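One line per chain: the protein sequences are A and B, in this order.
At position 16 of the first sequence (counting the first as 1) the number is 35 in the working numbering, and the numbers step up by one without a gap.
At position 333 of the second sequence (counting the first as 1) the number is 977 in the working numbering, and the numbers step up by one without a gap.
Source of the hints: derived by calculation from the structure; they are not laboratory data.
Owing to the predicted nature of the structure, the values given are computational and were not obtained by experimental measurement.
For glycine and all other residues, C-beta sits at the position ideal for the given N, C-alpha and C.
Don't take every hint at face value.
[To be verified] Lysine-lysine pairs mimicking BS3-like chemistry, simulated, CA-CA at most 25 Å apart:
1. Lys-1026/B / Lys-923/B
2. Lys-693/B / Lys-21/A
3. Lys-77/A / Lys-675/B
4. Lys-1022/B / Lys-81/A
[Said to hold, decoys possible] Not the full set, but computed from the structure, chain B residues with beta-carbon under 10 Å of chain A:
5. Ala-695
6. Ser-777
7. Ile-952
8. Cys-954
9. Ile-973
10. Ile-990
11. Arg-1013
12. Val-1023
13. Met-1067
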Amino acid sequence: MKRILILAIIWAMNKPSSPADLSRDQVERIAHLANLSLTKEEIKKFQKQLSAVLNYFKVLQKMDTSGVQATSQVTGLENVIREDNVSSGLSVEQALSNSPQKYNHFFQIKGIFEDES
Amino acid sequence: MSLNDLNIIEARKGLEKKKFSVAELVKDCLKRIQQTDDEINAFLTVCEKEAIEDASKKDALLKDKVNWKQLPLLGIPLAIKDLFLTEGIRTTAGSRVLANYIPQYDSTVVSRLKEAGAIIIGKTNLDAWAHGSSGENSDFGLTRNPWNLNLTPGGSSSGSGASLAADMCLGATGTDTGGSIRLPASFCNQVGLKPTYGRVSRYGVIAMASSFDCPGCLAKTVADQAVLLQVVAGYDQNDATSMKEPVPNYSSFLGSDLKGLKAGIPREYFTKGVCAEVKTAVLKAIEKLSKLGVEATPVSLPHTEYAIACYYILVSSEISSNLARYDGIRYGSGRNSFGDEAKRRIMLGTYSLSTGYYDAYYLKAQKVRTLIKKDFEKVFEKVDILIAPTSPTFPFKLGEKVDDPLTMYLSDVLLCPANIAGMPSLSLTCGFSQDNLPIGMQIIGRQFNEGVLLQVGDAYEKMTDWHLRKPKLD
Chain A
20 MKRILILAII WAMNKPSSPA DLSRDQVERI AHLANLSLTK EEIKKFQKQL SAVLNYFKVL
80 QKMDTSGVQA TSQVTGLENV IREDNVSSGL SVEQALSNSP QKYNHFFQIK GIFEDES
Chain B
645 MSLNDLNIIE ARKGLEKKKF SVAELVKDCL KRIQQTDDEI NAFLTVCEKE AIEDASKKDA
705 LLKDKVNWKQ LPLLGIPLAI KDLFLTEGIR TTAGSRVLAN YIPQYDSTVV SRLKEAGAII
765 IGKTNLDAWA HGSSGENSDF GLTRNPWNLN LTPGGSSSGS GASLAADMCL GATGTDTGGS
825 IRLPASFCNQ VGLKPTYGRV SRYGVIAMAS SFDCPGCLAK TVADQAVLLQ VVAGYDQNDA
885 TSMKEPVPNY SSFLGSDLKG LKAGIPREYF TKGVCAEVKT AVLKAIEKLS KLGVEATPVS
945 LPHTEYAIAC YYILVSSEIS SNLARYDGIR YGSGRNSFGD EAKRRIMLGT YSLSTGYYDA
1005 YYLKAQKVRT LIKKDFEKVF EKVDILIAPT SPTFPFKLGE KVDDPLTMYL SDVLLCPANI
1065 AGMPSLSLTC GFSQDNLPIG MQIIGRQFNE GVLLQVGDAY EKMTDWHLRK PKLD
């Protein structure tokens, strides 16, 4: 993927910037949706790289897909369910074993209703 | 020759005939790791103590008569790609995010291998989150190709390919989402099988793209591959995408007559960007197979040129969803520990799925996926298998910036269509370059026809000795 991005960047740098290039605002919005905090330098870097790849993706727009069904599952399975039988799972200790912050038998997380600090 | 140079079937015979013990076999693997892994960096975790303890347990079992049908991998040291959860053994996905993560349960593949008697020798290096084709995206340093330490072993199952090529183990697990078993197998002179999607359980395998991920194995020979597949294949109720399709006896396919088998040669896989030496080697292999009665015929998969865009839109979308769980609450060190490649893919996916872009990107790519799948269904009405190169080029230099867009495009386009359509594909060596680098060919088949792929691969292997070559390790 890294190689594809490097070539996409080289390819993109040789063409005039198209209106489809991502703006800084768009990159910040995407990062916010993805719960990623990016530095100013990262936003700049990713702006160029993502724009190049997204422009490459446009090759699919040329294709006629009218009347074509979307595929989300390649082996035809649908609605796979199981019997509602109780079985054992992880113990509380096991479930908490990798958590950095625990309190009694709970995962400890940041407050939702408090001020973000 | 030391015991770690053996393949699985040879090692089994030796153990059965009491020519050596499991302890000696494990010791030789550990010795090879100690001697060469500082340079190669195939392993992230070596389970020395556990493997030695396990070896003495297996040796105790071998004192009595062993039911090899029940324990087909008894005493066999295997390397596990660090994307497979192993209970009590650190599992990192090659990422700093999980640098200290100790799983509370085994993945199904690992439990099945353990139930079959295998010994876990260690966890292998990979591109972080399986994002990559060269091993260079690992947060724990890149892995080098034992055939030439300046070259990539291929990825993302880089450590699995390299460790097996260097005989640090007798088999290894991998995952193939867009070629990540087949490419290291091709670059390291191994036999790599991407099973049909749903053939091998994904339970306990850290998810990359849930509708593409195919766990599988790398092996030294096709016969070994059949043994490993037999153990890991089959329905798992813990994986809702696992198929109830019956698991045949894969080894029984080996040695059967190939007369009348129709092989399609897809023209889109032999275009300009494929290096001449690679083309020649694959075509020579097809010629050899014709002598056994295989009928080669040119075919076309017309939507191949759209495979890359289709693949990366869908895969990055699924990645953005699967990596959302790494919030540092239940496990992991939080999202700031993601490397650049992971962040890029997460953001590409988030964009493709977001309001206003979903139709033009994600939905469009899903429809293109249908067209690519239909290409395969159409050709398989006329032929039984497809034969093509695994990679258009030889293993490339670590750190190299490839300036040829055509080669770059093709390096993934030969691999990802099989993942897009969910088809199985077997990669094995069909020649060596002038610089003594392995050249891989892939045999693609209908869904759940792994037996035929193994049959053809084994027949070819019996006519050649590429698989017997070993890299020179200092």
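Comparing the hints with the structure gives:
As the CA atoms of Lys-1026/B and Lys-923/B are separated by approximately 23 Å, the hinted pair is consistent with the 25 Å bound. With a CA separation close to 37 Å, the supplied pair Lys-693/B and Lys-21/A exceeds the 25 Å bound. Note on Lys-77/A and Lys-675/B: the hinted pairing is violated, with a Cα-Cα distance of about 52 Å set against a maximum of 25 Å. Only pairs whose Cα atoms come within 25 Å are accepted, and Lys-1022/B paired with Lys-81/A is accepted, the gap being roughly 22 Å.
Contact between Ala-695/B and chain A, as hinted, is not supported at the beta carbon level, the nearest pair being about 23 Å apart and thus beyond 10 Å. With its C-beta approaching chain A no nearer than about 7 Å, Ser-777/B sits inside the 10 Å limit, and its interface hint holds. The interface hint given for Ile-952/B holds, since its Cβ lies 8 Å from the closest Cβ of chain A, which is under the 10 Å cut-off. This hint holds: Cys-954/B has a C-beta 7 Å from the nearest C-beta of chain A, less than the 10 Å allowed.
At about 5 Å, the closest approach between the beta carbon of Ile-973/B and any beta carbon in chain A falls short of 10 Å, and the interface hint on this residue holds. Taken as an interface hint, Ile-990/B checks out: its beta carbon lies about 5 Å from the nearest beta carbon of chain A, inside 10 Å. Interface restraint check: Arg-1013/B against chain A, minimum CB-CB distance 4 Å, threshold 10 Å, status holds. Nearest Cβ of chain A to the Cβ of Val-1023/B: about 16 Å, over the 10 Å cut. The hint is violated.
Annotation: interface hint on Met-1067/B holds; nearest CB of chain A at approximately 9 Å, less than 10 Å.
Figure legend: structure checked against the earlier numbered hints; hints not met, in rising order: 2, 3, 5 and 12.
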